[in-house]
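Sequence order for the protein chains is A, B, C and D.
All residue numbers for the first sequence refer to the working numbering, where the first residue is 1 and numbers rise by one.
All residue numbers for the second sequence refer to the working numbering, where the first residue is 1001 and numbers rise by one.
All residue numbers for the third sequence refer to the working numbering, where the first residue is 2001 and numbers rise by one.
All residue numbers for the fourth sequence refer to the working numbering, where the first residue is 3001 and numbers rise by one.
By construction, these hints were calculated from the structure, which means they are not laboratory data.
Careful: at least some of the hints might be erroneous.
[To be verified] Under the rule of at most 30 Å between Cα atoms (straight-line distance), these lysine-lysine pairs were calculated in the DSSO-like manner:
hint, chain 1, residue 1, chain 2, residue 2
1, D, K3032, A, K401
2, B, K1075, D, K3067
3, A, K107, A, K165
[Stated by the list, open to error] Some chain C residues near chain B, calculated using beta-carbon distances under 7 Å:
hint, residue
4, W2020
5, Q2052
6, S2053
7, E2073
8, A2074
9, I2075
10, I2076
Computed from a predicted structure; not experimentally measured.
Note that CB positions come from ideal geometry on N, CA and C, so glycine has one too.
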Amino acid sequence: MSFDINKIRSDFPILKKKINGKQLIYFDNAATSQTPSCVIDSISDYYKNYNSNIHRGVHSLSEQATESYEDSREKIRAHFNAKYKEEIIFTSGTTHSINIVSNGFVKLIGKGDEVIVSGLEHHSNIVPWQMMCEKNNAKLNVIPINDDGELDLDELKKIVSKKTKIVFLNHVSNALGIINPIEEIIKLSHENGAYVLIDGAQSAAHFKIDLQHLDVDFFTASAHKLCGPTGIGFLYGKKELLNKIDPLMGGGEMISDVTFEKTSYADLPQKFEAGTPNISGVIAFGVAIDYLNKIGFNNIEKYELELLDYATTKLKKIDGLKIYGDVKNKTSVISFNIIGIHSYDIGSILDKYGVAVRTGQHCAQPIMDYFNIPGTVRVSLSFLNTFDEIDILCEALLKAKSMLS
Amino acid sequence: MSFDINKIRSDFPILKKKINGKQLIYFDNAATSQTPSCVIDSISDYYKNYNSNIHRGVHSLSEQATESYEDSREKIRAHFNAKYKEEIIFTSGTTHSINIVSNGFVKLIGKGDEVIVSGLEHHSNIVPWQMMCEKNNAKLNVIPINDDGELDLDELKKIVSKKTKIVFLNHVSNALGIINPIEEIIKLSHENGAYVLIDGAQSAAHFKIDLQHLDVDFFTASAHKLCGPTGIGFLYGKKELLNKIDPLMGGGEMISDVTFEKTSYADLPQKFEAGTPNISGVIAFGVAIDYLNKIGFNNIEKYELELLDYATTKLKKIDGLKIYGDVKNKTSVISFNIIGIHSYDIGSILDKYGVAVRTGQHCAQPIMDYFNIPGTVRVSLSFLNTFDEIDILCEALLKAKSMLS
Amino acid sequence: MTIENLQQNLIEDFSFFEDWTQRYEYMIELSKGLEKMDEQMKNDKNIIKGCQSKVWLHAELNEGKIKFLADSEAIITRGIIAILLTIFNNRTPNEIIESDTNFIEKIGLKEHLSPNRANGLYSMIKQIKFYAIAFSKK
Amino acid sequence: MTIENLQQNLIEDFSFFEDWTQRYEYMIELSKGLEKMDEQMKNDKNIIKGCQSKVWLHAELNEGKIKFLADSEAIITRGIIAILLTIFNNRTPNEIIESDTNFIEKIGLKEHLSPNRANGLYSMIKQIKFYAIAFSKK
Ligand SMILES: Cc1ncc(COP(=O)(O)O)c(C=O)c1O
Ligand SMILES: Cc1ncc(COP(=O)(O)O)c(C=O)c1O
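Same shape as in the complex, but just chain A:
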């Protein structure tokens, strides 16, 4: 399929919105992606036509809902190329997924053991592990970053050892857009007998991911960053590992046998899907993946990198504008400051021009601490954006700058 930006934009009703009298320009795609009509309609369709609790239901509605729900699992499996369908666990999002794994590792590792996090993480991939370490006394080591915001693999080589039990990092940094060298990190970790969890919240929307090829042990992403709805995501884990870890939550569906004396867990994936799941969310997630594949990840990647190039070049022309993480290997995210002006002030003024950006720490305080800044302005582009929008951003930035200095 060729990439027709106007046609694609027309699939997204929100892009017609006016903000403060101006056309909405949405540059906050890394926080949440916008939603195409087909995904929105699939949610309505569910509630209008086959809303029902799933599994164990004997009636037709329940069967239709169950089938659509399980079809969606198969779509996710196929798209990310997991080996088995039951390796795909539906969660409420990346944060939930990571907590399942960190909680599961409470019992698997202990005092004297070590775990490694990158210095480039979202709080969701730091805090759960700190909570784990508090329980099992494992030691948390950090892969440091350099002044470009890149991970220092030489340092990783020094801290990884046979004591290392699991290494967790994001595929792409949400604050800077840098793509981490996960193939190398997975190899290095596996050589030392450590498992690897990859937080794909910021990568899955931008290029195709092959889980079997990566040979990663755990992987997760959120639907709301993939043109899907809020409140849904998935955790991938290798079957033998998912079988090994305890579930985070107990409840209906996740058990095979319950007495007051003893309970036995159900097989995968149910073991980790306690309670009534976000059924409409799961189904719509599948529709979103189909939609993205229809556009084609090759097309998306190519177009987004063109946008990134154009925007980076133009922004750099603004006096006093400093980009953080301005490296070669990145997705279409630009994190910057204008020297002497607080990101929050810039964001507030941009909003008046209809331009939506994110400002602040981006839930990645350690990165901000490293650069010793209170935050950045983050422009996160997606395949829905246009070159014109970037021009308008630059004009609005100049106006904000003159107002604020």
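Assemble the complex: chain A is given as a structure, and chains B, C and D with the ligands must be docked to it using the hints.
For chains B, C and D with the ligands alone, coordinates are given in the frame of chain A:
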């Protein structure tokens, strides 16, 4: 408002559905409720007009989403009459809520302490506590039931003591529809210094609940049983208790300060809402509560009890039909068997007549074990059902019976 | 008769039915011919997961052929079991391993059963094939 | 001037602005007149939670009146602080406690600020009132 059943039914698009060529008759309301157009539309509206990640966003979309999200919290607070807005925590549903509390109590109680569960529980209110007891060695005691399916309060008086730290039970049993005497149980528990968690998954849709009046310590319900969407619910907890317990999950939003050395939690309710929440779900949940209040819980309660009466009388006329939990104080749920026929066979045949019922254990295996049956047929009525539908059910049951015996 | 012949017969039998009542009545009829399974065989070891009603399946090798005994609490499920055993009972492991299972779609069982029930059906077939593979290695 | 008079003045000042640029420019202008806050006062104890940019507020009782010092990293927030201090600085605890705060709506600050920023604003007012109550008990 007077109660106009035809007008109300026309708010629910799914009720026009045909199943196996017959008009859908939905008697599985206790598993999940159906969804009115206003709730469905609020979800579409969100994605079409103001989809955005919430909190910390500086742009207008994010602010609109944040405001709607927080408005919904206020709607839930007001409806259930909690004292403070921050006592309402959004969760993915009842199961998630209960796990937050059971996990929070891991550290608060220990060996020698006791906890009490009722014999009438859904697995979601058993398994999380078993997981807790495994970690802290607390002892799990059970309030037994009698042959009518009612809790034996005399037995409770014997097992509750100063050692008891928390008592947890459902307000209404999902398997039998029995309303438990929670006021008495709360009083008795508090007298012994024990906290009480009430699982309101099956009560909140049927009558109005006043949390401050009940003086309950924790309460929870799921939106999908309250005309809302799947994947969302809430946990109520008294402020001082929520402040006391550790969060189940770590992540973005729920911290106020993160370094690799130390992290401090944010204030309520954020402390328990790690990660991007189900934003559209929360907003639609608020719309559902508004919708139910527009119909009026008095109207709902009155109409549903009339339906229950009619159905109970009619069903009892069927030879060999035995109702479990046929007591005075119950919601519009009828759980039964026809002697000699498996519930699953009945459910399968009813489905062919367009009648959706649930069959099996209803995630409440201990109750089935008590009655020594593999399961029941559960007809769960709501204010959407009609007397005619009950007549059709009875006819279909007679046909099923003659086919299967 | 070969497994294939039997499957062909079943497909024809089922093609005559005009509505679900006939199909169900036929399955209920078939269920009555099911060989009785010993109560003590209905143990946890023999339970098949993934079915809505309890299903037990026992297998033993008898002079090179596999003898199956199976039962369920629900009569419609018993009917399904009866169909499967008509086809697979007293066959050699290899016959079972090599047999095709798309007769299920052709019977229309899949549509006329529900996906949940179809899941149970597939679980049973999976277990039958699992036994066949296990016995073929002895 | 009483708190009420000052509030009335502000409401009038703001009513003259025709668009957001004028409002913002006015706030930015006001921010420049803010009394300097000692760097060492910008400590964790003085941080106000719930604001998008960091806000510090320090208070001390001086001859029966409360002296406030406040600052923020962001200039628009400094403008808001300036407005609040114009009204509440050097007042007795009781004056502050008894003052009405619905001038915020009347200024149109609430609509023209965002809810998030408005939250920050309310957090600041809450903290100001909190100090007043604390000092009134001394
Ligand atoms: C009494 C009771 N508790 C808990 C639950 C679990 O609710 P959810 O599946 O929405 O988490 C249910 C739902 O069936 C229920 O009926
Ligand atoms: C890198 C990264 N990890 C984790 C998360 C958390 O995802 P969610 O909020 O969907 O749980 C995000 C979202 O901002 C992210 O960007």
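Results of checking the hints against the structure:
1. K3032(D) - K401(A): With Cα atoms ~17 Å apart, K3032(D) and K401(A) stay inside 30 Å; holds.
2. K1075(B) - K3067(D): At roughly 39 Å apart (the allowed maximum being 30 Å), K3067(D) and K1075(B) break the hint.
3. K107(A) - K165(A): The hint holds at about 12 Å.
4. W2020: Because about 5 Å separates W2020(C) from the closest Cβ in chain B, which is inside the 7 Å limit, the hint holds.
5. Q2052: 5 Å, holds
6. S2053: At 4 Å from the nearest chain B Cβ, S2053(C) passes the 7 Å test, so the hint holds.
7. E2073: 5 Å, holds
8. A2074: 4 Å, holds
9. I2075: 5 Å, holds
10. I2076: Cβ of I2076(C) sits 5 Å from chain B, so the hint holds.
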